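Enquirer: Residue numbers (my numbering), protein chains in the order written: chain A, 1 to 365; chain B, 366 to 730.
No lab work stands behind these hints: they were computed from the structure.
Nothing here was measured: the structure is a model prediction, and the numbers come from that model.
Every residue gets a Cβ at the ideal spot worked out from N, C-alpha and C, and that includes glycine.
Any given hint could turn out to be false.
Here are the computed lysine-lysine pairs in the DSBU-like style, where the Cα-Cα straight-line distance is at most 35 Å [claimed, not checked]:
#, chain 1, residue 1, chain 2, residue 2
1, A, Lys102, A, Lys215
2, A, Lys82, B, Lys467
3, B, Lys580, B, Lys522
4, A, Lys157, B, Lys522
5, A, Lys82, B, Lys522
6, A, Lys267, B, Lys522
7, B, Lys447, A, Lys157
Sample of chain A residues lacking proximity to chain B, with all beta carbon distances greater than 10 Å (derived) [to be verified]:
#, residue
8, Asp92
9, Thr149
10, Ile160
11, Asp322
Protein chains: 2
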Amino acid sequence: MRTGAAHDSLRVEFGARSYSILIGRGLLRDPATWADIPPATCAAVVTNETVSALYAEAVLSALTPLFRRTLVIALPDGEGHKDWSTLNTIFDRLLDAGCDRKSILIALGGGVVGDLTGFAAACFMRGIGFVQVPTTLLAQVDSSVGGKTGINHPRGKNMIGAFHQPLRVVADTDTLMSLPQRELVAGLAEVIKYGAIADDGFTTWLDTNLERLLKRDDEALRYAIRRSCEIKSGIIERDERESGIREILNFGHTFGHAIEAGLGFGKWLHGEAVGCGMVMAADLSRRLGRIASGDVDRLVSLVHRTGLPISVGSIGCETILDLMRGDKKARGGQIRFVVLESPGHAAVDSAPDDMVRDAVSAHIS
Amino acid sequence: MRTGAAHDSLRVEFGARSYSILIGRGLLRDPATWADIPPATCAAVVTNETVSALYAEAVLSALTPLFRRTLVIALPDGEGHKDWSTLNTIFDRLLDAGCDRKSILIALGGGVVGDLTGFAAACFMRGIGFVQVPTTLLAQVDSSVGGKTGINHPRGKNMIGAFHQPLRVVADTDTLMSLPQRELVAGLAEVIKYGAIADDGFTTWLDTNLERLLKRDDEALRYAIRRSCEIKSGIIERDERESGIREILNFGHTFGHAIEAGLGFGKWLHGEAVGCGMVMAADLSRRLGRIASGDVDRLVSLVHRTGLPISVGSIGCETILDLMRGDKKARGGQIRFVVLESPGHAAVDSAPDDMVRDAVSAHIS
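One chain only, chain A, in its complex shape (with noise of 0.2 Å):
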């Protein structure tokens, strides 16, 4: 059915709710990438002002043939626009458009704007479809795919959401052309995640194809985020609302929460904090005997040479401990960790406060 375009396409198991991933060059402008949307009478591409500029016009022109009404929702950029002023301005947008619940949203943009976009489905006359269309290596890894949605609240991110699954994810490799260096680096924090957690394989080819990536060789590129989405979608196939197993893709997170909430949001970037967390966290594994100080240093090796900090200054290790405390992943206020049993495998366990401290101070510059 498909010519041109060379692309992969992954299945993500919910029953009536699965969905592909699409993966690959040229895909946005593809009309075969839209062709089978469940019907609507108003698509609505969501996206901010910097990706509009670049992609809306192409994501526009292969939708316009298919539903009656079509339009573009352009949000401010940034995530300090992830709250419930913007969500809202979807919504008026929608209903000053006349969008009915037989209505779907595109999502065109990185992670701030499929969360908005999925919370605003979510909740649009009680929920409609959404697709996923991430723009950045970060969104196309890890915050497109398993239908985590929300927006910020001022006591902390992610606070107000949704579990809703996308009706698809379209992840056009081309879009991460114009993706600053910076941004590129930070998706691959999510990327090392996943090979530390679930795939040593990965993490030994991750380590061969580095420069590849950094460099942005297609097929390199095309393989880490296939096989990224791989092992999340196996993941939350079995745990769609993070009761058991899925926690442990938030290897490196906690840690990495806390640093980018001592530091004040938007110092470092997500990828960059949960960088310097994982190394945390794997240094935590050392200190509770499960995992030996020459895999430690096998992925902070991994994690520096991709560009990323192992290290955090000007936060103070009780601030971070603080923190962490404080994250909603605590239960009864005790702080959970995810640590790695061996190289690919990872659990989640409680440790005593004068380890995590340990494991913390090792990592502060």
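Please build the complex by placing chain B on the supplied structure of chain A, with the hints as guidance.
Expert: Chain B alone, transformed into the frame defined by chain A:
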């Protein structure tokens, strides 16, 4: 297990999300009502200022031995507060109190409290459990059952929301004793609806027992609530997200919503508008050749004897038609009506504009 309070119990089947509806006297205060709620670290009773003064203390006393932390969140009273600002008050209070994702909410009040609380539970940290404790007849027979939650938007009622099933529904008929008569009567509109769409025998029972219901005879109320919940849950079990059969629950509501909007929300109670809307919908069903004049007369008489309006003044026919075209249940501009195929049987259909105009005009005073 339970002693003293006589009550009925009804099961709503949604697989792993199945739940019980308890109906009877003294349930609020009975520890057994709450004993097997799933474990949580924090239980927050969300209510309004009016209901809080009457029942919050009783519920809190029953909950305090069971949860590490309990709190009461009393919202301002009224449909005008069913908005984002009030919803955010719930989030703020929960986060201030340190409630985490292992919390549950208890919705103590009428439909507004239930819809707000249910939506807060659907969104707080991407979804926590909640218990419906409806204290109005309308909420006991309708809004507390079925998982529809949401808030209003300046452009329409319930535009933003989610389907989120409660963990349990606790309909304590003692709470109906404090209800103003006008609200009791409004609640009976939905009870009459269930007979009209699904059980002509129930309509006959209502005809015979109407005086007992209006005098708040507990046995009669309990039967009416139970039968209403049975009919509603039987329908929503087959169609949780209103993609088919569930639409028949909107009998009288397409006309009713237009009447509410046309008069200005709050002038008539929802149930009053539904009463008059059912009269128009029955009239339309007759004009479509589906039911006989005698069937219409019988329903109109029951609505009238209950004390509900059977005609509306001060809105024009065209205003009502225009408002119905903008309803969120309209599909691509086509108004969909729930009509009676025969007494106790409903279907969804469209109708010629002229016929709709006649059915409305006949009930404008």
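Enquirer: Would you mind marking each hint as holding or not holding in the structure?
Expert: We went through each hint and held it up to the structure:
1. A/Lys102 / A/Lys215: Violated, at about 42 Å.
2. A/Lys82 / B/Lys467: Since the Cα atoms of lysine 82 of chain A and lysine 467 of chain B sit roughly 24 Å apart, the hinted pair holds (cutoff 35 Å).
3. B/Lys580 / B/Lys522: Holds, at about 32 Å.
4. A/Lys157 / B/Lys522: 28 Å, holds
5. A/Lys82 / B/Lys522: 24 Å, holds
6. A/Lys267 / B/Lys522: With Cα atoms ~40 Å apart, lysine 267 of chain A and lysine 522 of chain B exceed 35 Å; violated.
7. B/Lys447 / A/Lys157: This hinted pair holds, its Cα atoms lying about 24 Å apart.
8. Asp92: 8 Å, violated
9. Thr149: For threonine 149 of chain A, whose nearest Cβ neighbour in chain B is about 8 Å away, the distance does not exceed 10 Å, so it is violated.
10. Ile160: 5 Å, violated
11. Asp322: Since the minimum Cβ distance to chain B is about 13 Å, aspartate 322 of chain A lies beyond 10 Å and the statement holds.
Of the hints listed earlier, those the structure fails to meet are numbers 1, 6, 8, 9 and 10, in rising order.
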